[in-house]
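Chemist: One-letter residues, chain by chain:
Number of protein chains: 2
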Amino acid sequence: MFRIPKHIGVIPDGNRRWAKKNGLRKEDGYEYGLTPGLQLLRAAKKSGVQELTYYGFTVDNCKRPKAQVNAFSKACVEAVRLMESEDVVISVTGNTKSSCFPEELLSYTSHEDKADCPKVAMRVNLLVNYGWEWDMKNGWASQNISRIDMVIRWGGMCRLSGFLPIQTVYSDLYIVKELWPDYREEHFEKALQWYQKQDVTLGG
Amino acid sequence: MFRIPKHIGVIPDGNRRWAKKNGLRKEDGYEYGLTPGLQLLRAAKKSGVQELTYYGFTVDNCKRPKAQVNAFSKACVEAVRLMESEDVVISVTGNTKSSCFPEELLSYTSHEDKADCPKVAMRVNLLVNYGWEWDMKNGWASQNISRIDMVIRWGGMCRLSGFLPIQTVYSDLYIVKELWPDYREEHFEKALQWYQKQDVTLGG
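For the record, the sequence lines run as chains A and B. Mapped onto the numbering used here, the consecutive letters of the first sequence carry residue numbers 52 to 255. Mapped onto the numbering used here, the consecutive letters of the second sequence carry residue numbers 52 to 255.
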């Protein structure tokens, strides 16, 4: 039987490296991650994944040069707009009490209506101005997000970089060497195949 | 310049698989992990690593058959005895308020004297009857253990399995395919070489 992870976490890393490689300014890389995000969402939905969580940007990322901060913030707003047409429930999690949080996304941070949407194909969470310290200090602020079965990270690094430390305690981590804007559906398919060989013990 | 991780986490996985492969009972695998543990400690100390944290066993592991629980518990006690001769400060972290915690190790759970041993070559932490939920519910009970730069996991799985979720938020995770009792110093050396190529950003 083919085991489909219920919940997949996505770390779309490598936008700046991709921009540099392609002769662009670092901040120009983020918009090239929008189409991959949509393609991955559709592939996951087609496979029967129930929940998908994207690592948007973090509180720490906001210390970067302003041009970059503006660019990834804008990309997150744009991503939500694109996903709106995909028959999914979108939820945004992050520190809203900071100027770094884009106000266009405030209305997505209320999680009350989740239970009312049982017929929607998939839940999609986006971390926006998220911080693991913020999460912990606020009594596990992200607790509406469920346990993550597999994290797929693009860009070659084998680390979680503060991505939902509680939800990922038992996650299998699959690394794609290619940079995020170079996403291909084949990456996702290979990750699913790899997941078949992982023995899920949940710490037992 | 060769960058040495200050603090390395060790997940010595694969003892049971190794035992099975070698025609032994599952519970007989753990004692074959003792010599590797000592060899790795010496290799790390020689390399200038300042702190080493071993994942001993967890609260959840204690739900396994009694023969296994006895065996890995005994192996942890024995590991501490062996490390006693290695000129390191040994500290044990875990839930002591449970019959699963070996009383021989109680005296190692007091962390007060750490600051008094500046001349000791390395600190070694051992997680014994540790649980990430226990850690969190007790207001970060493991906070005497510092941030971990690199986690090396033996046995092929790419996951943290509840290993110190706060200390590992930015850790690079290096996977050794071989099972823990098949440890060779070459694994550690390769991990150190791999670490050179990782770009430490601490979330920035």
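Because the hints were derived from the structure by calculation, they are not lab data. You may find that some hints are simply not true.
In this list, chains with the same sequence are indistinguishable; a pair is considered to hold if it fits within one copy or across any two.
In silico DSS-like pairs for lysine-lysine, Cα to Cα no more than 27 Å straight-line [stated by the list, open to error]:
1) Lys228 to Lys241
2) Lys148 to Lys248
3) Lys57 to Lys114
4) Lys96 to Lys57
5) Lys188 to Lys72
These numbers come from a predicted model, not from an experiment.
Chemist: Hint numbers the structure violates, sorted upward?
Modeler: Per hint list: 2 and 5 violated.
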